[in-house]
Amino acid sequence: VSNVNLNLNTLKTRGIDGEASFDTKLNGVNVSLRALGTYVFDLITVDATGSAVNRAGMNGGPVSQPSGLPTFTGSATLTLSTKPLTGSMQVRYISSGLYNATQIGPHQAGYLPTLPNSISDNYVGAQWRLNFNMQYDIVDHGKTKIQLFGVINNLFDQDPPKDIPSSFGPTNPVLYDVIGRSYKLGVRFAY
Numbered sequence: 085v086s087n088v089n090l091n092l093n094t095l096k097t098r099g100i101d102g103e104a105s106f107d108t109k110l111n112g113v114n115v116s117l118r119a120l121g122t123y124v125f126d127l128i129t130v131d132a133t134g135s136a137v138n139r140a141g142m143n144g145g146p147v148s149q150p151s152g153l154p155t156f157t158g159s160a161t162l163t164l165s166t167k168p169l170t171g172s173m174q175v176r177y178i179s180s181g182l183y184n185a186t187q188i189g190p191h192q193a194g195y196l197p198t199l200p201n202s203i204s205d206n207y208v209g210a211q212w213r214l215n216f217n218m219q220y221d222i223v224d225h226g227k228t229k230i231q232l233f234g235v236i237n238n239l240f241d242q243d244p245p246k247d248i249p250s251s252f253g254p255t256n257p258v259l260y261d262v263i264g265r266s267y268k269l270g271v272r273f274a275y
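Going by our numbering, the sequence shown wraps up at 275, each residue one higher than the last.
Rather than coming from a laboratory, the hints here were simulated on the basis of the structure. All of these numbers come straight from a predicted model, not from anything done at the bench. No residue lacks a Cβ here, since even glycine has one placed at the ideal position from N, Cα and C. Where hints are given, some of them may not hold.
For lysine to aspartate or glutamate, the following EDC-like pairs were computed, each having C-alpha atoms within a straight-line distance of at most 20 Å [to be verified]:
| hint | residue 1 | residue 2 |
| --- | --- | --- |
| 1 | Lys167 | Asp221 |
| 2 | Lys268 | Asp221 |
| 3 | Lys167 | Asp107 |
| 4 | Lys268 | Asp241 |
| 5 | Lys246 | Asp261 |
| 6 | Lys167 | Asp224 |
| 7 | Lys246 | Asp205 |
| 8 | Lys96 | Asp126 |
| 9 | Lys96 | Asp131 |
Label-pair ranges, simulated between beta-carbon atoms [claimed, not checked]:
| hint | residue 1 | residue 2 | range |
| --- | --- | --- | --- |
| 10 | Arg98 | Leu199 | 26 to 34 Å |
| 11 | Asn89 | Ile222 | 55 to 63 Å |
| 12 | Ala104 | Gly171 | 14 to 22 Å |
Let's have the full structure, built from the sequences with the hints guiding it.
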């Protein structure tokens with residue numbers, strides 16, 4: 085008897101990544117603007133039976149199922165620098181989406197509460213996060229550098245979407261900040 089392991093599942097994905105940056109000097113201040121974005125058209129999983137599910141736009145992390153990806157994620161960072169002081173502000177965005185691509189909620193066509201794949205709420209709202217950081221170069225001579233820095237992540241202490249249970253808890257920790265506002269202070273040095 086031969087018992088051979090076979091992986092008959094497939095994953096098909098299609099999307100686009102983009103990046104743009106701009107640097108200039110304005111009244112002695114170095115100004116840098118950088119934007120990154122990812123748009124996912126398809127994230128199709130096909131299991132061994134041939135069942136295909138497009139998980140593009142699925143923000144939830146359902147228990148016992150493959151995770152999806154939001155349709156759009158992006159970030160933009162503005163950095164101002166007048167050496168020895170540098171400050172940056174970053175905005176992160178995750179588009180709205182579905183909790184589960186195999187379920188149908190009231191906001192979707194074809195919803196009937198009596199169907200076995202109906203769910204009372206299959207919508208996950210869009211999320212914005214704002215992060216701030218600052219650094220000050222105390223010493224910057226050749227290889228010798230000493231720098232103080234501070235970071236505030238999730239500046240406005242926004243909660244992740246609730247009630248999108250996953251195997252990790254009440255939200256999808258891969259996509260969303262589950263800690264809340266956090267601070268870092270420190271010193272970097274090189275010699």
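- prompt: Quick one, are lysine 96 and aspartate 131 close enough, alpha carbons at most 20 Å?
  reply: Measuring from Cα to Cα gives roughly 12 Å; hence the hint holds.
task: Measure nothing beyond the straight line between the CA atoms of lysine 268 and aspartate 221; if it is 20 Å or shorter, mark the hint as holding.
output: holds, 17 Å
query: CA of lysine 167 to CA of aspartate 107, is that 20 Å or under?
result: Within the cut-off at roughly 15 Å; holds.
- request: Look at the Cβ atoms of asparagine 89 and isoleucine 222 and judge whether their distance stays inside 55 to 63 Å.
  value: Cβ of asparagine 89 to Cβ of isoleucine 222: about 58 Å, so the range 55 to 63 Å holds.
field: Given pair status - aspartate 241, lysine 268, alpha carbons within 20 Å
entry: holds, 15 Å
query: Does the alpha-carbon distance linking lysine 167 and aspartate 224 stay inside the 20 Å limit?
result: Measuring from Cα to Cα gives roughly 10 Å; hence the hint holds.
- prompt: Taking the CB of alanine 104 and the CB of glycine 171, does the distance hold inside 14 to 22 Å?
  reply: holds, 21 Å
- request: Could you grab the alpha-carbon distance between lysine 96 and aspartate 126 and see if it respects the 20 Å cut-off?
  value: holds, 7 Å
query: Is the hinted pair lysine 246 and aspartate 261 satisfied, with a Cα-Cα distance of at most 20 Å?
result: Holds, at about 12 Å.
query: Should the hint that arginine 98 and leucine 199 are 26 to 34 Å apart at their CB atoms be regarded as holding?
result: holds, 29 Å
Hint consistency between lysine 167 and aspartate 221 [alpha-carbon to alpha-carbon, up to 20 Å]: holds, 7 Å
query: Is the hinted pair lysine 246 and aspartate 205 satisfied, with a Cα-Cα distance of at most 20 Å?
result: holds, 11 Å
The structure meets every hint from the earlier list without exception.
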